[in-house]
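A.B. asks: Keeping their order, the protein sequence lines are chains A and B. Heads up: the first sequence runs through residues 644 to 963, numbered per my numbering. Heads up: the second sequence runs through residues 2 to 237, numbered per my numbering.
Note that these hints are calculated values from the structure, not bench results. Every value quoted in this text rests on a predicted model; they were computed, and no experiment measured them. Possibly wrong hints are sitting among the right ones.
Calculated lysine-lysine pairs in the BS3-like style (CA-CA distance at most 30 Å, straight line) [as the list claims (entries may be wrong)]:
1) A/Lys903 to A/Lys889
2) A/Lys775 to A/Lys761
3) A/Lys670 to B/Lys45
4) A/Lys775 to B/Lys235
5) A/Lys935 to A/Lys920
6) A/Lys855 to A/Lys925
7) A/Lys829 to A/Lys761
8) B/Lys235 to A/Lys855
9) A/Lys902 to A/Lys855
10) A/Lys925 to A/Lys889
11) A/Lys855 to A/Lys827
12) B/Lys235 to B/Lys76
13) A/Lys673 to A/Lys889
14) B/Lys235 to A/Lys673
15) A/Lys855 to B/Lys76
16) A/Lys902 to A/Lys889
17) A/Lys935 to A/Lys925
18) B/Lys235 to A/Lys829
19) A/Lys670 to A/Lys855
20) B/Lys45 to A/Lys782
21) A/Lys891 to A/Lys920
Computed list of chain A residues with no C-beta within reach of chain B, every gap over 10 Å [unchecked claim]:
22) Lys673
23) Asn683
24) Leu698
25) Leu739
26) Glu740
27) Ala745
28) Thr752
29) Gly753
30) Gln792
31) Gly809
32) Gln814
33) Lys829
34) Ser846
35) Glu890
36) Gly897
37) Cys901
Glycine residues also receive a C-beta, built at the ideal position from the N, C-alpha and C atoms.
What follows is the residue order along each chain.
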Amino acid sequence: MSETMINVDNLTKEYGQFRAVDQVSFKVHKGEVLGFLGPNGAGKSTTMKILTCFLAPTAGSAQVAGFDVFDQSLEVRQRVGYLPEDTPLYRDMTVLEHLEFAANMHGMTGDRVGSRIKEIGGRCGLGDVAGKLVGELSKGYRQRVGLAQAMLHDPDILILDEPTSGLDPNQIAEIRALIKEVGKEKTVILSTHILPEVQATCSRMLIISGGKLVADGTPDELRAREKATRYRLVVESNGSAADALKEKLTGVSGVAHCKKVAGEDGAHTFEVDGDAKNDLRKSLFRVAVDNKWPLLELSRQAASLEDVFRNLTTGEEHKS
Amino acid sequence: MSTTTTVARREIRTYFNSPVAYIVVMVFMLISGYLFFNQLFLEKQAELRYYFTLTPLIFTFIIPAITMRLIAEEKGSGTLEMLITMPVRDWEVVLGKFLAGMAMLGAIVGMTMFYGITVAVLGPIDRGPLITGYLGLLLMGGSYVAIGVMASSLTRNQIVAFILAFAISFGFFIFGQIVQFAPDWLAPVLAYLSMGNHFESFSRGVVDSRDALFYLSLIAVALVIATASLESRKWK
Chain A
644 MSETMINVDN LTKEYGQFRA VDQVSFKVHK GEVLGFLGPN GAGKSTTMKI LTCFLAPTAG
704 SAQVAGFDVF DQSLEVRQRV GYLPEDTPLY RDMTVLEHLE FAANMHGMTG DRVGSRIKEI
764 GGRCGLGDVA GKLVGELSKG YRQRVGLAQA MLHDPDILIL DEPTSGLDPN QIAEIRALIK
824 EVGKEKTVIL STHILPEVQA TCSRMLIISG GKLVADGTPD ELRAREKATR YRLVVESNGS
884 AADALKEKLT GVSGVAHCKK VAGEDGAHTF EVDGDAKNDL RKSLFRVAVD NKWPLLELSR
944 QAASLEDVFR NLTTGEEHKS
Chain B
2 MSTTTTVARR EIRTYFNSPV AYIVVMVFML ISGYLFFNQL FLEKQAELRY YFTLTPLIFT
62 FIIPAITMRL IAEEKGSGTL EMLITMPVRD WEVVLGKFLA GMAMLGAIVG MTMFYGITVA
122 VLGPIDRGPL ITGYLGLLLM GGSYVAIGVM ASSLTRNQIV AFILAFAISF GFFIFGQIVQ
182 FAPDWLAPVL AYLSMGNHFE SFSRGVVDSR DALFYLSLIA VALVIATASL ESRKWK
């Protein structure tokens with residue numbers, strides 16, 4: 644594997660009595676797009692604020708691009724592009740002024756400022772609004788200004804806190820495409836609580852809950868961890884009672900749980916849960932044939948990331 | 002260091018893009034103009050002494066109005082996080098904000114040069130006290146600006162920042178006024194801490210390094226506290 648860009652070691656952050664981040668450790672390698680998932684208040688933003696040197700850890704340490712976030716914070720900040728949650732920007736500046744300000748803060752001078760703004764502004768689709776006040780922009784454009792600003796100084800690492808929150812589906816698709824493109828050459832960490840986003844953009848995901856790291860792996864790996872498999876079964880009703888069918892289905896060996904759910908008219912729809920090791924499709928089909936039920940649909944549904952996420956994050960909360 | 006000037010430039014631009022600067026300049030000109038022309042037309046005296054005597058008091062509320070937004074606004078709107086995660090040291094941010102406040106002070110004080118010119122047109126002018134008086138205004142005003150920056154760093158609410166800065170500034174002003182009522186042991190301390198006392202010699206044309214040192218150390222202390230307050234976010 645390529646070099647480690649971010650190394651977080653037993654990171655802990657306490658706000659008074661409250662532990663927002665609890666001994667979290669992980670590594671991010673060059674070229675990875677890491678999705679940082681968790682319910683609201685799980686400690687995602689706090690971790691990102693520590694990595695960008697806005698807050699100091701209570702215990703543990705973190706290195707970004709080989710520099711310690713506490714002892715060498717200036718070096719870290721030179722190499723990181725950060726998009727804070729809710730994209731705070733100076734509303735009284737124009738887009739161009741804002742980007743010039745950021746470029747100057749990063750020590751860029753002369754022609755480099757203009758050429759860099761032109762390049763990044765073009766990539767983020769800001770050409771049309773360069774002269775507009777930031778405060779007058781729509782949320783989607785503000786987000787793009789924030790992203791452009793984060794990438795302006797060509798950082799090795801991008802840290803994006805909820806980059807797509809509050810955007811419409813078109814804007815979300817655009818931002819995701821942009822992140823994916825950037826992720827080819829840079830290391831990206833992005834936080835979100837939208838699961839399809841992780842599938843669409845990330846090569847690896849971390850799930851954090853109650854300040855603790857509860858999962859770390861590729862989306863496929865995490866899905867495979869889910870033990871139950873769900874089957875969907877649609878049978879034409881023909882006047883038969885749903886309860887009788889349900890009873891028969893529950894009787895099939897390997898079925899843990901059977902539930903009638905709402906479905907199309909004139910048919911009964913069931914969700915059947917079984918363990919992931921055995922394929923129950925054959926037995927379910929046989930039951931239908933034996934009882935002469937007109938089978939309209941039978942499918943196996945892979946465990947979704949939603950299930951993984953829900954199981955991991957609600958379980959932790961009950962314990963603590 | 003270039004980050005300091007970048008921060009300062011941005012703040013100055015914000016001042017003049019918003020009505021705040023113009024309102025504050027107008028209010029200050031209104032008050033000081035009244036004081037000056039009152040003297041000119043009623044007493045038939047073209048001089049700046051009266052203006053100089055009352056400025057320490059006027060500054061106690063004019064300058065907090067300039068400085069209140071400097072850091073508190075960024076804390077409130079969240080832009081502080083964006084600013085401070087750029088490669089900039091905390092003291093550079095504070096210094097940049099202070100310099101922007103000083104530029105604003107310079108603009109206000111500069112406008113009153115008009116009175117000096119009026120006096121010069123009407124008769125021979127004693128240049129010494131005029132120049133040292135303006136130097137004193139900048140030094141004393143600088144102390145108020147630094148106090149304002151400090152107050153602004155302590156809260157995310159601009160109104161609180163204004164009231165706090167006003168209270169502290171007014172405290173330093175009132176020390177000079179209550180010296181005569183204070184017990185003997187306290188009087189010299191109060192006299193030393195008074196904003197007006199140190200300014201008085203400047204307005205008389207005397208530059209005493211002790212007076213300058215008083216203002217400069219007040220500025221330094223206030224800015225160090227502001228920096229510490231900014232850094233304290235890390236430990237909360």
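A.B. asks: State for each hint whether it applies.
C.D. replies: Taking the hints in turn, this is what the structure says about them:
no.: 1; hint: A/Lys903 to A/Lys889; result: holds (7 Å)
no.: 2; hint: A/Lys775 to A/Lys761; result: holds (15 Å)
no.: 3; hint: A/Lys670 to B/Lys45; result: violated (79 Å)
no.: 4; hint: A/Lys775 to B/Lys235; result: violated (35 Å)
no.: 5; hint: A/Lys935 to A/Lys920; result: holds (28 Å)
no.: 6; hint: A/Lys855 to A/Lys925; result: violated (41 Å)
no.: 7; hint: A/Lys829 to A/Lys761; result: holds (20 Å)
no.: 8; hint: B/Lys235 to A/Lys855; result: holds (21 Å)
no.: 9; hint: A/Lys902 to A/Lys855; result: violated (33 Å)
no.: 10; hint: A/Lys925 to A/Lys889; result: holds (17 Å)
no.: 11; hint: A/Lys855 to A/Lys827; result: holds (29 Å)
no.: 12; hint: B/Lys235 to B/Lys76; result: holds (14 Å)
no.: 13; hint: A/Lys673 to A/Lys889; result: violated (52 Å)
no.: 14; hint: B/Lys235 to A/Lys673; result: holds (28 Å)
no.: 15; hint: A/Lys855 to B/Lys76; result: holds (28 Å)
no.: 16; hint: A/Lys902 to A/Lys889; result: holds (7 Å)
no.: 17; hint: A/Lys935 to A/Lys925; result: holds (15 Å)
no.: 18; hint: B/Lys235 to A/Lys829; result: holds (28 Å)
no.: 19; hint: A/Lys670 to A/Lys855; result: holds (15 Å)
no.: 20; hint: B/Lys45 to A/Lys782; result: violated (61 Å)
no.: 21; hint: A/Lys891 to A/Lys920; result: holds (22 Å)
no.: 22; hint: Lys673; result: holds (21 Å)
no.: 23; hint: Asn683; result: holds (17 Å)
no.: 24; hint: Leu698; result: violated (6 Å)
no.: 25; hint: Leu739; result: holds (13 Å)
no.: 26; hint: Glu740; result: violated (8 Å)
no.: 27; hint: Ala745; result: violated (7 Å)
no.: 28; hint: Thr752; result: violated (8 Å)
no.: 29; hint: Gly753; result: holds (12 Å)
no.: 30; hint: Gln792; result: violated (8 Å)
no.: 31; hint: Gly809; result: holds (14 Å)
no.: 32; hint: Gln814; result: holds (20 Å)
no.: 33; hint: Lys829; result: holds (17 Å)
no.: 34; hint: Ser846; result: holds (25 Å)
no.: 35; hint: Glu890; result: holds (58 Å)
no.: 36; hint: Gly897; result: holds (53 Å)
no.: 37; hint: Cys901; result: holds (50 Å)
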